[in-house]
Every structure is written in C-alpha cells, then in structure tokens.
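Participant: Based on the provided sequences and hints, a complete structural model is requested.
There are 2 protein chains.
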Amino acid sequence: MEYTKITEDLLSQIKAAVGPANVFTDKESLDNYSHDETEDLRYYPEVVVKPTDPEGIAALLKICNQHHIPVTPRGGGTGLSGAALPIYGGVLLSMEKFKDIIDIDTENLQATVEPGVITEAFINAVGEKGLLYPVDPSSKGSCFIGGNVAHGSGGPRVVKYGTIREYILNLEVVLPTGEIIWTGANTLKYASGYNLTQMMIGSEGTLAVVTKIVTKLIPKSSHSVLMLGSFPENEKACAAVSAIFRAGITPSALEFMERKGVEWVIKFDDIKFDLKDDANAFLLIEFDGDDLDTIFKDCEKVNMVLEEFDCSDVLFADSAQQKEDLWRMRRTMAESVKSNSVYKEEDTVVPRAALPKLINGIKEIGSRYGFESVCYGHAGDGNLHINIIKAGMSDEDWKNKLKAGITEVFELTTALGGTISGEHGIGLVQKEFMPVKYSEIHLDLMRGIKKVFDPNGILNPGKIF
Amino acid sequence: MEYTKITEDLLSQIKAAVGPANVFTDKESLDNYSHDETEDLRYYPEVVVKPTDPEGIAALLKICNQHHIPVTPRGGGTGLSGAALPIYGGVLLSMEKFKDIIDIDTENLQATVEPGVITEAFINAVGEKGLLYPVDPSSKGSCFIGGNVAHGSGGPRVVKYGTIREYILNLEVVLPTGEIIWTGANTLKYASGYNLTQMMIGSEGTLAVVTKIVTKLIPKSSHSVLMLGSFPENEKACAAVSAIFRAGITPSALEFMERKGVEWVIKFDDIKFDLKDDANAFLLIEFDGDDLDTIFKDCEKVNMVLEEFDCSDVLFADSAQQKEDLWRMRRTMAESVKSNSVYKEEDTVVPRAALPKLINGIKEIGSRYGFESVCYGHAGDGNLHINIIKAGMSDEDWKNKLKAGITEVFELTTALGGTISGEHGIGLVQKEFMPVKYSEIHLDLMRGIKKVFDPNGILNPGKIF
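Here the protein sequences line up with chains A and B, keeping their order.
Under UniProt numbering, the residues of the first sequence are numbered 1 to 465, in order.
Under UniProt numbering, the residues of the second sequence are numbered 1 to 465, in order.
Note that these hints are calculated values from the structure, not bench results.
Please read these numbers as outputs of a predicted model, since none were measured by experiment.
Treat the hints with care, as some may be off.
Since copy identity is lost for identical chains, a pair holds within one copy or between any two.
What the hints assert, rightly or not - Mimicking DSSO-like on lysine-lysine, the simulated pairs with C-alpha atoms at most 27 Å apart in a straight line are:
1. K272 - K323
2. K357 - K129
3. K431 - K338
4. K301 - K216
5. K297 - K216
6. K357 - K338
7. K236 - K297
Facilitator: Quick look at the structure:
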C-alpha cells in the first residue's frame with residue numbers, strides 16, 4: 001500500500017487542525033506509541049496527535065484523507081491483537097484527551113461518555129449511583145471504553161450480562177471523510193434501517209473514529225459470592241462448564257484456569273494461595289444478586305454439579321480480600337506468563353460444550369509442534385485464551401512452524417462451531433488466520449463495507465483483512 | 001427503477017431452479033401474496049416461488065441477478081411496514097417451506113432452525129425442553145422467525161431479556177449473487193472482523209436471504225406473576241415506567257395501554273374485563289423467576305412505586321385464564337383498532353423517561369391535525385405503538401396532511417433521543433420519514449452497504465431508503 005509521508009507542510013496543516021499543543025514528534029512520544037500489549041511488536045508513527053474534540057478529529061481526517069496519510073486510532077494501548085500499531089507510520093491518533101464522563105442519566109439508566117475514559121473509572125462512577133456497567137475486561141484498570149467498543153470487548157461477566165454489544169446504544173463517530181454523525185438512537189430498541197452502531201462495534205477503528213458513546217446501564221446487585229473449584233484434570237473442569245448451565249444455573253462469572261497458569265501467577269505475584277497437589281484445573285465461579293438466600297441456593301446447586309465432575313475441593317471466598325486475590329490471580333495470568341517466556345496469545349471461542357474437545361485438541365497440537373500452552377479464560381462463554389509458550393521449541397521452529405500449529409488450532413475451533421477470536425479481535429497478528437474461518441467471498445463483503453466508510457483506506461490500514 | 005419482466009423463458013428457468021411444483025402464477029396465489037398486514041396496501045408479484053432448500057434459492061437468485069428481476073422475500077406476512085410487498089412485481093420469495101426445527105442443542109443451549117418456522121411453535125418446542133427463547137412479538141402465532149430476524153423484532157419481554165439481536169448467533173444466508181455463506185459462528189462471543197450476523201438483523205431482506213438461524217436459548221423460569229395497574233391519566237402511567245427501573249426493579253414485561261385501546265378490544269373481542277370509570281391508562285407488569293418469594297418482593301416494591309403515581313387499582317391475575325385474557329387484551333389491540341376504522345400505525349421509541357413527553361406530544365400534534373390516536377406498547381423499552389385513526393379527518397386531509405403530522409411525531413421522537421421505529425422496521429411505508437432521522441451522509445452509508453451485498457439491486461428493492 002502506498003501512503004504519503006508527512007512533510008513539514010502537512011505537519012503544519014495537522015497542527016492547525018488540532019492545535020499545535022496536541023501534536024508530538026519528539027522521540028519519546030514516537031517511542032511510547034510504537035507498541036501496545038501485543039508481543040514485542042514495534043511500529044513507529046511519524047507523528048502522535050492527541051485531539052481534544054470531534055471537530056479537531058474531523059479536520060485532521062480531512063487532511064489525511066485528501067493526502068492519503070494513514071491514521072491509526074489508539075485507546076489505552078492494552079490491545080493483544082496489534083490493532084493500535086501504526087504499521088504504515090503516519091498519524092497515531094491517541095484518544096487519551098477524550099476523558100469526560102459527560103452524563104450519567106439516572107432517569108433512563110444510560111450514560112454518555114467519551115472514548116478515552118478508563119473502563120474501571122467508568123464502572124466506579126456509575127457504581128456510586130447504584131448502577132452497573134458490566135463490561136470489565138481484565139485490563140479494565142488501564143484500557144479505554146473506546147477501545148472496548150472497537151474490539152467488541154467482553155470480560156468475565158459476559159456469561160450473565162452479555163458483551164459490550166448489548167450495552168452500546170449510540171455512538172458519535174467521525175468518518176474518514178471528515179463528517180460527524182450519530183450512528184443510532186439512545187434507545188433500547190432500534191429497527192430503523194441498517195444498524196451502524198452494531199457495525200462499528202468490533203470494527204477495530206477501521207471504519208470511523210468514535211468520539212462519544214451512549215451506554216445502557218442496569219441496577220447493581222448488592223451481593224456476590226465467589227467460589228473456586230479444583231479438579232483433577234482440565235477435561236473434567238471443562239466438561240463441568242456446560243453441565244452448570246444445563247442445570248439451569250447462570251453464574252455472573254465462570255472462569256477456567258489451568259494449574260500451570262496458577263503456578264506462574266504465584267511465581268510472579270505475591271498472592272497467597274495453597275496450591276494442592278491434586279488440583280490440576282480450576283473453575284472460578286461467581287454469583288451475584290440482591291438476595292443472599294437465592295445466591296446460596298445457586299451455590300448449592302452448582303456444588304452438586306461440580307461433584308459429578310470429580311471436583312476435589314471448593315473454596316468459598318469469604319472476605320473482600322480473598323475475593324480480590326482470587327480475581328487478581330485470574331486477571332494477572334497473561335502478564336505472569338508473559339514475564340517468564342517468549343509467548344503468543346490466542347483467543348479461541350467455541351460453543352461451551354465443546355470446551356473439553358478444544359482443550360484436548362490444543363494440547364495434542366502443542367505436543368506435535370513442541371510448544372507448551374497455558375489455557376484460561378471465560379469458560380462460561382466457551383472463550384479460552386491460550387498462551388503459547390516457546391519452551392523447548394527452537395528459534396527456527398518458533399519462527400517457521402508456529403503458524404502451522406496455530407492454523408491447526410483455528411481449524412479446530414472452526415470445526416467445533418467456533419471462531420478465531422472471541423474478544424481480542426483480529427488486528428494485525430490474527431489477520432493471516434482469517435482465511436481459516438472465512439471464504440474469499442466473505443472477506444470481500446468485509447472489504448466492501450470498509451470501502452463504503454473509508455474509500456481511500458486511510459483509517460487503521462492493514463488491520464483485520 | 002427498471003426491472004426485467006418475467007417472460008415465459010425466464011419462468012421456465014425459475015421452474016428448473018427451484019422445481020416446477022414450487023412455482024405459482026395462478027390468480028389466487030398472486031392475490032394471496034400481494035399484501036401483508038400493512039394498512040390496505042396491495043402489490044402483485046409476477047410469480048410466487050416457494051423454494052425448499054438454500055441451493056434452490058441460490059439458483060433462483062443467480063437467474064434474477066443476471067436478468068435484473070426483483071425478488072421480495074416474505075416470512076409470515078405479518079409485517080406492519082410493508083417490507084414484504086413486491087412493489088416492483090417480479091418474484092415473491094415465500095420462505096414458508098423452510099419450516100424445520102433442525103436441532104435443539106440442550107448441551108450448548110442453542111438451536112438451529114429454518115426461517116419459516118412460526119415463532120410460537122419454536123418457543124413451545126424449546127419450552128418443552130425447559131428452555132426459553134424470549135422473543136415473542138404480538139404476532140407470534142403466525143409470524144416466522146426469519147421475519148423476526150429481518151426486522152430485529154422485539155416483543156414484551158425485551159425489557160428483561162433483550163431483542164432478537166441478543167439471541168441470534170449465526171445465520172446461513174444466500175447472497176443476491178447466489179453464494180451461500182454462514183455470517184458468523186455458533187458462539188456467545190465474536191470478535192473476528194465485521195459482524196455480518198448483526199448486519200443482517202434488521203436489514204429487512206435487502207442484503208441476503210436467511211436460510212438457517214442459530215439462536216441462543218436460556219433457562220426457562222418456573223414462575224410468573226402478572227399484574228395490571230390502573231391510572232387516572234396517560235402521563236402518570238408513563239411517568240411510573242422509568243420510576244420502576246430507577247427503583248432497581250426489572251420486570252419481565254412492562255406494557256402500557258390507553259383506555260381507548262381497551263375499549264376497542266372489549267368491542268372487538270369477548271374478553272371479560274371490568275373497565276372502571278376512573279381507569280384511563282394501564283400498565284401491564286409481569287415478573288418471572290424461579291423463586292416465588294423473590295417475585296412477590298418485586299411485586300410489593302413495584303406496588304409502592306405505582307402508588308406514587310396515583311395508581312388507583314392493581315389487579316393480580318391469579319389464574320392462567322386471567323393471565324391469558326390480559327395478555328390477549330394487549331396483543332389484539334392493533335387488530336381491534338384496525339377492525340373499526342381507517343388507520344395507520346407508527347412505532348415510536350424514545351429513552352423511557354421521555355415517555356410522558358412523547359405521549360403528550362402525540363396528543364397535541366393529533367389535536368392540531370385532527371386525528372385521534374390509540375397508544376400502547378412496550379413502555380419498559382420506551383417503545384410506543386401509535387394507531388392513528390382517521391376519525392373526523394376528511395379524506396382530503398387524511399391523504400394530504402397526515403404526512404406532515406407523522407413527520408412532526410418523528411421530529412419529536414428524534415428530538416427526545418429516539419428514532420422512527422423500535423421494532424416494526426422501515427419497509428415501504430416509513431421510508432419517506434427516514435430523512436427526519438438521518439442525514440444524507442448517513443443514508444449514503446446504508447446505500448453503500450446495500451450495494452456491497454446486492455450490486456444489481458434485485459433483493460427487496462424500494463425498501464428502507
């Protein structure tokens with residue numbers, strides 16, 4: 001792809017568009033925005049721009065569209081698929097100055113928020129008003145809500161509350177051609193032509209730049225109970241997952257962790273956890289609600305299910321600290337694994353009853369290709385994150401053979417009715433696996449949609465397809 | 001728009017594509033498929049085709065795409081926006097032979113179903129397995145699940161369970177160019193490129209023909225309680241709606257009905273109902289769950305809220321018959337009104353706290369234009385159906401001035417943060433109001449998406465925009 005390099009003259013135009021104080025070309029800035037959380041990848045932008053309002057972004061995009069300069073939007077930089085990497089240089093568009101919670105509307109249980117608000121800050125702000133915004137990815141302490149929209153984010157509570165897709169009512173966006181539109185309406189229902197709001201969600205900043213977000217909110221539950229079940233093997237824990245739902249139980253979170261993942265966390269973090277010899281797999285199960293009796297009844301029911309799958313031990317977290325520790329164990333797992341080894345993360349998702357086949361398949365593929373793996377994730381949704389670890393694999397094999405191994409993993413997820421990403425997105429690093437899941441016809445439809453929104457291909461080029 | 005008329009030769013090709021027994025050109029067939037439930041509109045197809053498999057549809061669409069013949073897909077024919085009317089003649093594609101429930105997967109709580117299955121039949125089939133598919137529009141006894149997908153349907157339980165958008169996981173579709181693809185994966189999460197499944201939902205058969213539907217299912221509650229609150233005036237009843245949610249209560253249905261609507265039902269149907277003099281507006285409120293105590297607690301809480309809004313009477317439906325009667329009263333309201341007068345139905349939706357402003361505005365606009373209106377609908381979602389009744393309006397004014405009145409209604413919904421259809425869709429009859437809500441830029445994006453899927457514009461032409 002051919003793009004225009006940013007000359008001094010173009011830089012002056014960009015400064016005039018967004019204000020000179022919001023344009024950065026110093027080495028440190030270019031360095032800071034050259035990477036996200038995806039492996040060790042680095043791509044340097046030519047300029048970092050931090051606009052303060054939609055009009056500034058509109059003016060910026062008009063210049064870039066006219067001169068064919070690539071623009072890569074960026075949220076909190078916590079992405080795991082490389083969607084925020086400026087692989088063709090050009091403008092890195094940081095949304096960090098869009099950090100206002102504009103309105104928490106307690107009459108309608110809605111909020112209007114800017115995309116640069118940190119997800120956890122938003123959750124806490126609505127929580128203070130007794131309301132819940134249940135989309136909380138593991139990176140909630142640093143990711144932006146705009147990035148969550150771009151990736152169709154999930155998190156542990158999807159299993160009860162649904163993904164971000166069910167909470168985004170309306171978006172203000174700037175089109176690559178510089179127009180500003182609202183994609184929908186601030187309503188719970190919408191049957192008024194093609195749903196551009198849903199089209200934006202998960203489009204990874206390739207169609208438009210989100211500048212305002214209207215979310216649905218729900219009442220916050222007053223109680224929650226967290227329990228951790230230990231199992232002799234992965235397969236048993238994974239098989240218990242669909243059995244729980246078949247029993248008519250809907251937890252507010254249902255996470256799977258392999259023993260190896262827990263071991264890495266214990267090494268990395270200072271969490272106190274008594275890891276027993278026969279505990280090879282874990283299910284972290286949370287219930288929430290307003291009535292403790294109902295919650296305890298659910299806990300009893302789930303206990304009976306777990307027993308059927310040889311659960312050897314159930315730990316109830318009975319203090320806020322213990323709950324926080326268990327959740328931290330789950331949330332820091334990726335970081336812990338990453339700290340110890342060269343690794344690659346995949347984000348498989350299948351119908352939940354297929355989890356035992358998925359995890360067995362992953363291990364079998366790993367044994368053939370010589371990589372180790374640590375699996376964990378949102379088992380209640382059939383969503384398993386796989387940390388592939390280089391381990392004994394040679395540099396040569398890691399470089400040349402891993403792709404074939406990952407292709408096999410995705411062929412397996414696809415054969416099981418699943419897909420190649422549940423919540424991390426495609427971005428840069430999963431792009432090469434898209435043909436495993438999609439026909440050329442299907443990909444052409446996506447490319448066609450891209451061209452409708454972004455005829456000159458300036459917005460986050462080189463991502464998804 | 002210029003389309004090719006179906007010659008004898010083309011008819012032979014169509015017969016060869018789908019089988020001669022599935023092609024109808026007799027007067028009765030053309031007549032039967034010339035209308036849906038939209039006002040008294042009639043448009044005659046040149047041929048009615050009832051294919052039996054996706055391959056037949058693919059072959060049919062290839063012929064029509066090559067020769068530029070319009071194809072209008074049709075479900076149960078219960079639509080209220082005229083989306084299934086073959087306004088350019090051509091092929092009326094009835095999906096009525098796609099009537100298999102292919103699989104109810106109790107392991108994964110999913111089902112695979114053909115689009116011609118009647119919604120209520122599907123609800124009953126999964127219900128027998130203890131599962132719930134909560135999307136039940138008022139026409140559930142005759143509408144098809146495929147039509148529900150095409151319109152992004154809702155129904156009374158959206159307020160707790162969400163619209164059909166949250167239950168459709170994956171779709172097999174035939175593109176206008178004749179290719180068959182699956183739009184997504186059978187998973188609860190999906191972040192693998194643009195979400196074509198969501199793109200299809202609510203696209204009213206203008207992008208592709210749906211041939212298989214994979215739905216999410218949830219556990220069915222064992223208990224429900226239905227109550228009817230009476231209010232002295234519309235505004236009070238409407239104001240109570242958002243107060244209920246603010247109190248942290250989430251009913252499984254929350255419907256509004258005007259007194260006039262109830263009067264028309266009593267005239268039309270044989271429902272026994274003691275309509276008191278001071279009851280001018282009603283809220284029909286349902287709770288469901290597995291625990292009756294919890295449900296009763298919610299009923300008590302809601303009672304306290306209703307009192308604040310001068311609710312004069314609360315009726316608890318204590319038998320299955322009484323529940324059924326109250327629901328029938330709500331469900332037959334459109335039909336009852338229609339049986340008595342020339343009318344037009346609009347499907348407004350706003351943030352729910354704006355309901356009092358919406359209903360007062362509708363009445364005020366009506367008084368200026370001389371039309372009466374009966375309002376009812378899914379108040380919990382801010383979704384109000386308006387039956388506009390000709391009443392004393394002259395034929396001349398009904399023909400010439402009504403459009404301006406409806407435009408004012410939609411300007412009001414838009415100003416209140418809402419839109420011009422919550423669940424009935426745009427189809428033919430709301431098309432002229434799209435510019436009230438959307439800019440030309442926005443409409444051009446929709447037209448661009450249409451062109452990506454259907455370059456020759458053969459699929460359901462003349463609808464939405």
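Participant: Work down the list of hints and note, for each, if the structure agrees.
Facilitator: Right, here's what the structure says about each hint:
no.	hint	in the structure
1	K272 - K323	within (12 Å within a copy, 55 Å between copies)
2	K357 - K129	between (43 Å within a copy, 25 Å between copies)
3	K431 - K338	within (22 Å within a copy, 54 Å between copies)
4	K301 - K216	between (31 Å within a copy, 23 Å between copies)
5	K297 - K216	between (29 Å within a copy, 25 Å between copies)
6	K357 - K338	within (26 Å within a copy, 55 Å between copies)
7	K236 - K297	within (23 Å within a copy, 39 Å between copies)
Comparing the model with each numbered hint stated earlier shows that all of them hold.
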